[in-house]
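Residue numbers (our numbering), protein chains in the order written: chain D, 1 to 211; chain S, 212 to 958.
Just so you know, these hints were derived from the structure itself, not from any lab. Computed from a predicted structure; not experimentally measured. Heads up, the beta-carbon is just placed ideally off N, CA and C, and yes, glycines get one too. Be aware that one or more of the hints could be misleading.
Stated by the list, open to error - Derived DEER-like restraints, expressed as beta-carbon distance ranges:
#, chain 1, residue 1, chain 2, residue 2, range
1, D, Gly48, S, Ala733, 14 to 24 angstroms
2, S, Thr828, D, Gly48, 30 to 40 angstroms
3, S, Arg808, D, Cys73, 53 to 63 angstroms
4, D, Arg125, S, Asn871, 34 to 44 angstroms
Stated by the list, open to error - Just so you have them, the derived chain S footprint on chain D, three or more residues with Cβ under 8 angstroms:
#, segment
5, 6-19
6, 52-61
7, 99-107
8, 190-202
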Amino acid sequence: MKTDATIFVVDDDASMRKSLLWLLRSAGWHAEAYASAEEFLARPPFIGTGCLVLDVRMPHLTGPDLRDRLAACQSSLPIIFLTGHGDVPTGVDAMKKGAVDFLLKPVDDQVLLQAVQRAVEQHQRAQGHAREMGIIRERLARLSAREREVLEYVIAGCLNKQIADALGIAQKTIKIHRGRVMEKMEVSSVAGLVHLCETAGIAPRRQDLTH
Amino acid sequence: MRAKSMPCLRRSTLGLIAGMVLCALGACAGETSASGPRQARVLVLYSNERLLPANIVVDEAIRSTFRSELERPVEFYTEFLDVDRFPSVIQQERAREFLGGKYRERPPDVIIAGGGAALGFLTTHRTTLFPRVPMVHCGVEPNEMPESMPDDLIVGIPQAVNVAETLQIALRLQPETRQVAIVGDGSGGLSPADVAPLASQVEFLWLTNRSIAQLRDELSRLPDHSIVFYGAMFRDNAGNAFTPQVALDQFAPASRAPIYGYYDTYLGHGIVGGSIITFSTIGRTAAQIAGRILEGQTPQDAARGAIHTATPMFDWTQLRRWNLSESRLPPGAEILFREPTLWEQYKWQMIGVLLVTLIETALIILLVINLLRRRQAQRLLRESEYRLRLAAEAAGAGLWSLDLATNVFWVTDQARRLFAFSENETVTLERFLAGVHREDRELIRQRLKEITESGGSSSVQFRIVRPDGTTAWIASRRSLQCDSSGKPRLLTGVSTDITEQQRNAEELQRLRAEAWHADRVARTGAITSSLAHELNQPLAATLSAAQAGLRFMAAGTFDTNEIREILESIVQDTKRAGSVVSGLRAMLRRQPSQRERLDLASVARGMADLLHSELLTHHVHLAVQCTRDCHVVADKTQIQQVILNLVMNAIEAMQQLPHNARRIEIAATRDHHQTVRVSVSDTGPGIPQEQTSKLFDAFWTTKPQGLGIGLAICRSIIESHGGRIWLARGQPGATTFCFSLPLDPAP
């Protein structure tokens, strides 16, 4: 479960940093602590799995400031906000902007550790989905423009004849395109193709059946 | 001229005989004197007798002139023809023989002839008496002059004619004159030339050739508007001879009219005055000419240019007697015998008396002024005393003084009431001390000793216990008075009951503390959430650390060192939480002021720690810059309150700035080794100049929600510590509040 994930702690309070490190380590996590947002930003970009336990109130760059900076460089690192200041607007804002959790100090170990667990899993999932998307995009890139068109009709459930009518080409040619699409997309069935396209978010082309 | 007067003719004849005799004798004398240098011989021959006043005056003038103006010693020989009493030719012949014989042995070198008769005698006998001896004549009236001189060795100055001038002067003095009475021998000295011009103006009455008695009678009956002209009277018709002055003395007192004459010897003997040539002038002139002849000049040279002038002279007593106005006297008139006025006579005595009188008057005035002033001063003193008493009574002040020799007090009624002394009681020092509160007696004794030893004035506050058991606070101000030897004599003072003031002061202090407390509570309330966060932080850390420790232990994988570190961290955070709580408690607690030795730098840092969260909330960066040894004696909570107020104001002032521009700096430094200064600066927009004067006033604020008491409270706190608080002039874009407190130097 603990895999190779890294938990980052950013808090300006030294005691708090130390205690959180101890707690995360006691749960078997690998953890790193930073005294300020600037210090964290100064480390090399993290490409592994993990999450960020971030104090909201800090001098200079605050927790939300750091969150914004990370979002700007498309980091997917999940963020758990910790605050001694349970003001609702900050919490709502944080959650809206993609925080995994918003926890109040003092925080119970169970609560924190569960949140961390969830965040890491989410990160893992997010990272898996991203990989799949990459493969599909790569396969889609192989398709010719006509083949892409045919694909969109296919996942819409159109028959060859319908596609041929819509495109104004021979039914026989459609059949060849369809075979090439299945081959390039590395699927054996239309159901498989539909799943891939759903994952990639490709919309089926609505055909004009009256045509 | 000569024919006119028989005496003159006779005198001339006599003179001629005498001259011849003397001349013959002179030749022999010249031989005998050849044996060696000898004194010059001067023979003076007078017409009249020796005691004629004119002769005396002339003789004296001649002798004194020779003495003073001629170096050569001179032998004088004086002879008197006395022709008025012995006018006969026989007598003159005798005189010639006598003189010729007498001076054969000692011939004169120069002869002075005094009077017309003497000149006539000498010229008549020139060939036989003193031939070739230089001769100087004087006092010869024009009508007595010989027609010609036998030789040019005879010189002289003719007597001036003064009759006309004298008459003119007389008429000028008395213009109303109708008649002029002439008194004297012969024509009385008047010539027809003198009378003629006046004949139309006045009538002439000739009173010549009278006896003195007749003269007195006639003069006493002169009519009004008469004057008398007196020539010279040597004898009367009774054959009595006298000098003209003596004659004048005899008739002048009887005259009803003023008498005028032209001989100076008459002045002082009854004449008013006239145009007068003095006999001393005549004698001096003759002696000068004779002197020059003796020095070798020819007689003509010696006499050249010599002249004597007449002077109008008057007798002041006669002017007064006849009531004649001095303003009518001719110019240059001399007035003799003027009786000095009282002023001239007693000038210095009068000045002296006047001075003494003035000084005495001044002294009297001064004394009177002094007396008035003293009275005024006494009155003012009484009034002042009355006012003082009134003021003292009104102020409830008791006046007293302590005689240090007897230790007995003098006290006013008010003082008696104040100290609860009974009405006629003698108040001794012991009696006074018995009324003083037991705890303050030693203080009073101590202060009494101090003031009697070091003098000056001082005040003391103490309690007394009145007979009814109540305690009152008394303030006394005393001043020591010493006697002339510097020994303390009297301690004077004024005492007032300050019980009420003490109570008011305590009440004021209490109210002020209330206000300060209320401000602290309000301020603390305003940062409650920050303080909660400040407290939360260590609690959160503690919880996490403790739970981590438990997990390590549950897993059985713990490292003892790690557990110790965790526990130490827990201890530290717990303490931290505790300090936040105690800081909060101090701010909220209502406690009496407690002064202690404080390091303002550490107070400032403590305040910065407490406000950590609040600063974070408002994105304010705070820096504390402190130098060492910023120690003062103060109430810590109150100083924290001041810093809190200033920092909170600063935070508020920077609300509109971007986050990274919000900065506060607290600095604590020593100022001039006397005070410690704490400054709180922010980067806010500053305070407009026109508002700076009201900054520290209560209820003055620029904030919509502000009460306006923050800075007023800061000021009251700082001033109660003997310090001051002010807005420092800074550059734009910064506001710096400073306060300073007296430095408490290192012990």
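Hints, one by one, checked against the model:
Under the hint 14 to 24 angstroms, the C-beta atoms of glycine 48 of chain D and alanine 733 of chain S, about 52 angstroms apart, miss the expected range. As the Cβ distance of threonine 828 of chain S to glycine 48 of chain D is approximately 35 angstroms, the hint placing it in 30 to 40 angstroms holds. Look at arginine 808 of chain S against cysteine 73 of chain D: about 55 angstroms separates their beta carbons, and that is inside 53 to 63 angstroms. Remark: the range hint 34 to 44 angstroms for arginine 125 of chain D to asparagine 871 of chain S is upheld by a beta-carbon distance near 38 angstroms.
Coverage of the segment 6-19 of chain D by chain S holds in this model, with 5 residues showing a Cβ closer than 8 angstroms to a Cβ of that chain against a need of three. Counting residues of the segment 52-61 of chain D whose CB lies closer than 8 angstroms to any CB of chain S gives 4, so the stated coverage by that chain holds, three being the minimum. For the segment 99-107 of chain D, the stated coverage by chain S holds: 3 residues have a C-beta nearer than 8 angstroms to a C-beta of that chain, and at least 3 were required. Here's how the segment 190-202 of chain D fares: 0 of its residues keep a CB closer than 8 angstroms to some CB of chain S, so the rule of at least three is not met and the hint is violated.
Comparing the model with each earlier hint shows violations of hints 1 and 8; every other hint is respected.
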